[in-house]
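K.L.:
Take a look at the letters that make up each chain.
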Amino acid sequence: SQTIHQWPATLVQPVGSPLSLECTVEGTSNPNLYWYRQAAGRGLQLLFYSVGIGQISSEVPQNLSASRPQDRQFILSSKKLLLSDSGFYLCAWSHGGDEQYFGPGTRLTVT
Amino acid sequence: AQRVTQPEKLLSVFKGAPVELKCNYSYSGSPELFWYVQYSRQRLQLLLRHISRESIKGFTADLNKGETSFHLKKPFAQEEDSAMYYCALSGPYGQNFVFGPGTRLSVLP
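Respectively, the protein sequence lines represent chains R and U. Letter 24 of the first sequence, counting from 1, is numbered 24 in this note's numbering, and no numbers are missing. Letter 31 of the second sequence, counting from 1, is numbered 31 in this note's numbering, and no numbers are missing.
No lab work stands behind these hints: they were computed from the structure. Any given hint could be a false lead.
Claimed, not checked - Estimated spans, in silico, between C-beta atoms of each pair:
1) 27/R <-> 92/U: 19 to 25 Å
2) 55/R <-> 109/U: 28 to 34 Å
3) 52/R <-> 16/U: 34 to 40 Å
4) 11/R <-> 42/U: 34 to 40 Å
5) 39/R <-> 53/U: 41 to 47 Å
6) 42/U <-> 83/R: 25 to 31 Å
7) 76/U <-> 2/R: 47 to 53 Å
To be verified - Example chain R residues on the side facing chain U (calculated, C-beta under 7 Å, incomplete):
8) 39
9) 43
10) 44
11) 47
12) 85
13) 88
14) 104
Glycine included, every Cβ here is placed at the ideal spot set by N, Cα and C.
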């Protein structure tokens with residue numbers, strides 16, 4: 001069966017520090033991969049999605065970037081965190097336009 | 001541009017009452033429509049999608065292309081239905097995936 005993992009589960013980082021959040025999928029190949037930010041009262045905001053290795057589409061210009069070094073690995077990064085980057089980050093995978101399967105999320109607090 | 005709106009941030013109903021969570025969308029083409037649910041301390045998960053035309057946990061949703069709506073309905077709400085509900089759409093290949101802002105449903109005893 002397919003599983004999706006995210007780590008870390010929680011992270012507290014100072015302003016200006018770098019960020020790396022990792023997401024991996026098991027049990028499937030060539031998935032579409034997604035990064036979302038979930039904010040209270042604002043729902044889910046799609047940040048990046050990828051249809052293959054090295055193929056990244058950015059939905060919202062911001063302080064974050066994403067990379068897909070392997071088929072089932074998706075990384076969310078920042079060189080210098082801002083206070084406004086605090087939030088709950090979700091990774092998801094799907095096959096095409098089918099159902100998305102979500103990871104457990106990472107709670108990021110920028111201090 | 002594609003967009004999903006859910007006009008109610010919070011909806012409270014009593015147990016046994018009917019419930020309707022509203023969702024409207026805008027999309028140029030034929031989108032796939034979904035309802036996702038997030039129960040307390042659980043992962044966001046798919047509740048139902050319009051192409052399957054099935055009822056899950058007593059919930060149904062009908063796609064109305066004329067009104068560009070995909071409202072979620074259940075005739076008799078249960079306390080365990082209390083959760084955050086998101087309406088979403090995507091293009092046929094998983095591109096342009098958009099979630100609505102969500103509606104928190106609270107079913108009171």
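K.L.:
Now tell me, hint by hint, if it's right for this structure.
P.N.:
Comparing the hints with the structure gives:
1. Checking the proposed 19 to 25 Å range against residue 27/R and residue 92/U shows it holds: the Cβ atoms sit about 24 Å from each other.
2. In this structure, residue 55/R and residue 109/U break the distance hint of 28 to 34 Å, their C-beta atoms being roughly 49 Å apart.
3. At about 49 Å, the beta-carbon gap between residue 52/R and residue 16/U misses the expected band of 34 to 40 Å.
4. The hinted window of 34 to 40 Å between residue 11/R and residue 42/U is violated, with their beta carbons roughly 21 Å apart.
5. The supplied range of 41 to 47 Å is broken by residue 39/R and residue 53/U, whose beta-carbon atoms lie about 32 Å from each other.
6. Look at residue 42/U against residue 83/R: about 29 Å separates their beta carbons, and that is inside 25 to 31 Å.
7. In this structure, residue 76/U and residue 2/R break the distance hint of 47 to 53 Å, their C-beta atoms being roughly 34 Å apart.
8. With its C-beta approaching chain U no nearer than about 9 Å, residue 39/R sits outside the 7 Å limit, and its interface hint is violated.
9. Taking 7 Å as the C-beta contact cut-off toward chain U, the hint placing residue 43/R at the interface holds, the least distance being around 4 Å.
10. Interface restraint check: residue 44/R against chain U, minimum CB-CB distance 4 Å, threshold 7 Å, status holds.
11. This hint is violated: residue 47/R has a C-beta 11 Å from the nearest C-beta of chain U, more than the 7 Å allowed.
12. Interface hint status for residue 85/R: violated, as the beta-carbon distance to the closest one in chain U is roughly 19 Å, over 7 Å.
13. About 10 Å separates the beta-carbon of residue 88/R from the nearest beta-carbon of chain U, more than 7 Å, and the hint is not met.
14. Of the supplied interface hints, the one on residue 104/R holds, with its beta-carbon coming within about 6 Å of a beta-carbon of chain U, less than 7 Å.
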